[in-house]
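**Student:** Given next are the chains, with one letter for each unit.
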Amino acid sequence: MTHYTLHMPCTEADIRRLRIGDHVTLQDTLFGIRDATQIHMFDHGRRTRFDLRGHAVIHTAPNVRKVDKRATNDSGYEAVCIGTTTSDRMERFTRPLMEREGVRIIIGKGGLREDSLRAFSDLGGCYLAIIGGTAALETTWIEAIEDVDLDDLHPESLWRFRIRDFGPLLVAMDAHGGSLYADVQARVQDRRAAALAKLGVA
Amino acid sequence: MTLMTRTGVEPLRIVPDAIEEAAKLLYIRALKILPDDIKAGFTRLDASESDGTAKAILATMIENIGVAERTDNLLCQDTGIPIFNVLVGRHVEVDGWALKAAIRCGTERATREHPLRSSVVHPLTRNNDQTSCGLHVPVINLDFIEAERVLRIEMIPKGSGSENGSFLQMLIPADGMAGVKRFVVDAAMRAGGKVCPPVIMGVGVGGTSDLCMHLAKVAATRPLGSRCEDAEGAALEAALTEAVNSLGIGPQGLGGDSTAFAVHVEVAATHITMNPVAVNIQCHSARRASATFTPAGVEIGF
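If you read the protein sequences in the order shown, they are chains A and B.
Each residue of the first sequence is one higher than the one before, counting from 1 in the working numbering.
Each residue of the second sequence is one higher than the one before, counting from 1001 in the working numbering.
In case anyone wonders, no lab produced these hints; they're calculated from the structure.
Accuracy of the hints is not assured; some may be wrong.
Unchecked claim - The calculated DSSO-like cross-link candidates involving lysine-lysine, where the alpha carbons are at most 30 angstroms apart (straight line), are: (1) A:198 - B:1032; (2) B:1055 - B:1039; (3) B:1032 - B:1055; (4) A:69 - B:1100; (5) B:1032 - A:66; (6) B:1032 - B:1100.
What the hints assert, rightly or not - One-sided excerpt, in silico: chain A residues whose CB lies under 7 angstroms from chain B: (7) 1; (8) 25; (9) 27; (10) 67; (11) 88; (12) 92; (13) 95; (14) 137; (15) 141; (16) 178; (17) 182; (18) 193.
Yeah, the Cβ is synthetic: ideal placement off N, Cα and C, and Gly gets one too.
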């Protein structure tokens, strides 16, 4: 159980060091991405002008306020409330995000599945769990919305945030086939029979 | 008008502007301030949780409730699908058509003026009008209550992570209560960490398919500490709460005792050939706000 601070973008070696149960705090840059963003990028063939190589993406679609473009908010938006959505819906985009765009870290809640775990192992990636539903706190870790792409999908645009001390986040799926979610699910499956027996269900 | 009102009773009259203001206020308030019963639920879970990771996660959730209040910010980024439950007491005079329009207008204004993220899209084009409104949304549920000269509006911004954890099965009588219990346990397992546990798990039993699903939503959005009015339903609540929490799914699906604050059950009579069961889940950000109109004025609460 080690705590790491990673400045974005990071290297494959940075990621392969991480093991489930470790904690990570991110610095500098984070990209926000979501259902429609990835549907358009990978199903509709759209490309982003952002360079995502070595970066972290978070499953989000923020609440924002329109402001005049200025030094700290070049995007023309400032954060109202930024939080995290359920990752499972975006399972099939993990590999293309890594292969085509070079993403190394996915941040979300609720976890991803076996195909993502294989992609993390094959390509050197990981999943960092944030506590879902704690957006007010998460917003305090974001300094500015620096830029936005694919904004016709608003709020499901591709966002670039400037972050400071973003975390600590829990390494929940690592590049060595480890998944806290799979571990918990196996234990839950083992307890099903006892739970049903106590309810008088054969 | 003498046919509509009891002699000597001046009805409670509510103008649409007041409804619109209330709808706007309730949407924003619900997103920012968690009801007292949910806060108490967190305290209870935190005291009984035995897993270290789970305890740390609960602590972060509790911290977030305080940060949201101190910074006057939203608890969760998900502004949800707006739901309004309108309960009309006796001797209330309101233009129902105008009431629906006012709720919609208040929702749009909250979205634009706060501003809030519009989380509502057309289901086929996926187009977002940026108003939190669309076809049949906000959802408005209308019912009548016995209380004199009272109109109550309850607002629920229903988060999607937990709403996606909705399940319905048209079980048959031969499946019995065993089938119902097995369905609920399996629904909790399928939902896992995706629904942002600890949750309030709402279970509907009986009715028609649509009523059954609605009962599950009523159950999921009821205050903690409330019980099913049907004695058999109340007994089922207690048994299912224990069963779901014995699975070890835990906060965020990362293991622990605190999977559900509670399992709530609502029941309705059903057909001799039917045994429907539905599950709808409310996440730990179990947000609600209410406005109660009486001749004395408007009271804002949960």
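**Student:** Indicate, hint by hint, whether the structure satisfies it.
**Tutor:** How the hints compare with the structure:
no., hint, in the structure
1, A:198 - B:1032, "39 angstroms, violated"
2, B:1055 - B:1039, "15 angstroms, holds"
3, B:1032 - B:1055, "23 angstroms, holds"
4, A:69 - B:1100, "38 angstroms, violated"
5, B:1032 - A:66, "21 angstroms, holds"
6, B:1032 - B:1100, "24 angstroms, holds"
7, 1, "10 angstroms, violated"
8, 25, "14 angstroms, violated"
9, 27, "20 angstroms, violated"
10, 67, "11 angstroms, violated"
11, 88, "5 angstroms, holds"
12, 92, "15 angstroms, violated"
13, 95, "20 angstroms, violated"
14, 137, "4 angstroms, holds"
15, 141, "11 angstroms, violated"
16, 178, "13 angstroms, violated"
17, 182, "11 angstroms, violated"
18, 193, "10 angstroms, violated"
Checked against the numbered hints above, the structure breaks hints 1, 4, 7, 8, 9, 10, 12, 13, 15, 16, 17 and 18 and satisfies the rest.
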